[in-house]
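Visitor: Residue numbers (the numbering used here), protein chains in the order written: chain A, 1 to 361; chain B, 1001 to 1127.
If you're looking for bench data, these hints aren't it; they were derived computationally from the structure. All values reported here derive from a predicted model rather than from experimental measurement. Each hint should be verified, as a subset may be incorrect.
[Claimed, not checked] Simulated crosslink set (SDA-like; lysine to any residue; CA at most 20 Å straight-line):
| hint | chain 1 | residue 1 | chain 2 | residue 2 |
| --- | --- | --- | --- | --- |
| 1 | A | K120 | B | A1056 |
| 2 | A | K341 | B | K1090 |
| 3 | A | K341 | B | A1118 |
| 4 | A | K342 | B | S1067 |
| 5 | B | K1090 | A | S32 |
| 6 | A | K342 | B | I1059 |
| 7 | A | K76 | A | A214 |
| 8 | B | K1090 | A | K342 |
| 9 | A | K341 | B | L1044 |
| 10 | A | K342 | B | E1043 |
| 11 | B | K1090 | A | A316 |
| 12 | A | K267 | B | D1068 |
| 13 | B | K1090 | A | K76 |
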Amino acid sequence: MLQQTPLNAAHRAAGARMVDFGGWEMPVSYGSQIEEHHAVRRDAGMFDVSHMLAVDLSGDEARAFLRYALANNVDKLAVRGKALYSCLLRPDGGILDDLIAYFLREDAFRIVVNAATADKDVAWLNALIAERASELALKPRRDLAMIAVQGPNARDKVWKALPESRAASEPLKPFTAAESGDYFIARTGYTGEDGFEITLPAARAAESWAALAAAGVRPCGLGARDTLRLEAGMNLYGQDMTEAENPLESGLAWTVDLSSPRDFVGKAALSAAPMTRQQVGLLLQGRGGVLRSHQQVLTATGGGEITSGTFSPTLAQSIALARVPVGVAPGDTVAVEVRDKKLDARVVKPPFVRHGKALVS
Amino acid sequence: MNVPANLKYTDSHEWIRTEPDGTLTIGITDHAQEALGDLVFIELPAVGRTVKAGEAVAIVESVKAASDVYAPVAGEVAAANTEVTEAPEKVNADAYTHWLYKLKPASAADVGKLLDAAAYAKVIGEA
């Protein structure tokens, strides 16, 4: 039995094609996923991301606990409302999940984790709390829904649809959040565009979704979400990174600080591990197919594999994220095995697209 | 779902139209394009290639997935529609106008064994 979000009926009424995504019944598209993609790059689109889980951590030792539990340094969060992207690591450096942590108060942080890994993450954090900071409380918030509104016109359309949210959300800088009544509004996203991710009571999800649609925000499914995040060079957990890979070989070295004296789960393993693989972007040359996950990549320094590949609607060309041996560099040409052919692809540094503009060609 | 009565079909979602000269025009059905979603790449067989019934002869790829297109009967490829390789989205717009390739069948009798519209509608759960 698949789990359903509070917006399930709204998706069905809009004619969405529904699929199983990590045990959740989610809309993959409402029609053309390429048109949904363009709506986000050029105007405003919205995604039901209620399958993701907000977890509230409270207690005096919340910050000290996260300083140890997260690979990124929670001390970068100096101002209330600031958000931090981080991996949650195993002691051997393998990635349990990627998440965003929000600094609410000195004794209260909100963590948003992926759907398929939510139960695992909560169990992991609870075990770590029992070991190190047993007075902390960890509260999964399945009573909340989440709607991501993304695109150059996203913020204006949110203010049109939900005018009461404007005062709290208008001053927000990128990667910060604020509470507005029982809404929690973050200027974050997974598309490479401006916009908000709005966390709100499940009971108010349908009316807010309808108000956003009435303000001209186009409902978009997981199909467009995937092409948008891949153009933006953002990893998908379970595909571009798993427990078998560490952040350094997943394009996430910028989220791990190994230089500070701070200890954290996985630090010793990451410091000791020789770096043999790296993540790169690939841009297919010419036509001949579409790059897809699990296709083999042949390089001058050895074999690699595509972790996510798709057709980029913005570039009108196929793009991919791949894990390849160190030594491969932007500008190199590699070969990708697509069915019975070897197709040339150029190595590039992600992202491919940001704020509607192509960054590679 | 659109299943024109004047065409023949396969259970692998190709449509077949017999032209006055006996050549078969072949495409993918409206149901197939809908299931695949936005098409972004199409590879067609070389003209002159001899194919067996059920052989994979073409590839259609959407943003989501790649799918083979099969020869409905044995024969020789007589034409490939480069219009759809240039603009695959045309198949999404009208799957029955934008054909993929033409086949000179080895035996005209084979065509009679293909599904009619009513039988294909059952295959896709529309009847």
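Visitor: Compare the distance between the alpha carbons of K267 of chain A and D1068 of chain B with 20 Å, and conclude whether the hinted pair is satisfied.
Guide: 47 Å, violated
Visitor: For a C-alpha distance cap of 20 Å, please report whether K342 of chain A and I1059 of chain B respect it.
Guide: 16 Å, holds
Visitor: Are K76 of chain A and A214 of chain A close enough, with their CA atoms no more than 20 Å apart?
Guide: 38 Å, violated
Visitor: Measure nothing beyond the straight line between the CA atoms of K1090 of chain B and S32 of chain A; if it is 20 Å or shorter, mark the hint as holding.
Guide: Answer holds: K1090 of chain B to S32 of chain A is near 13 Å, not above 20 Å.
Visitor: Take a quick look at whether K341 of chain A and L1044 of chain B sit within 20 Å of each other, Cα to Cα.
Guide: 15 Å, holds
Visitor: Is K1090 of chain B close enough to K342 of chain A, meaning Cα to Cα at most 20 Å?
Guide: 27 Å, violated
Visitor: Mind checking the alpha carbons of K342 of chain A and E1043 of chain B for me, to see if they're no more than 20 Å apart?
Guide: Since the Cα atoms of K342 of chain A and E1043 of chain B sit roughly 15 Å apart, the hinted pair holds (cutoff 20 Å).
Visitor: Are the Cα atoms of K1090 of chain B and A316 of chain A separated by 20 Å or less?
Guide: 15 Å, holds
Visitor: Does the alpha-carbon distance linking K341 of chain A and A1118 of chain B stay inside the 20 Å limit?
Guide: 39 Å, violated
Visitor: Quick one, are K342 of chain A and S1067 of chain B close enough, alpha carbons at most 20 Å?
Guide: Holds: K342 of chain A and S1067 of chain B sit about 19 Å apart, inside 20 Å.
Visitor: Is K341 of chain A close enough to K1090 of chain B, meaning Cα to Cα at most 20 Å?
Guide: 25 Å, violated
Visitor: Is K1090 of chain B within 20 Å of K76 of chain A, Cα to Cα?
Guide: 50 Å, violated
Checked against the numbered hints given earlier, the structure breaks hints 1, 2, 3, 7, 8, 12 and 13 and satisfies all the rest.
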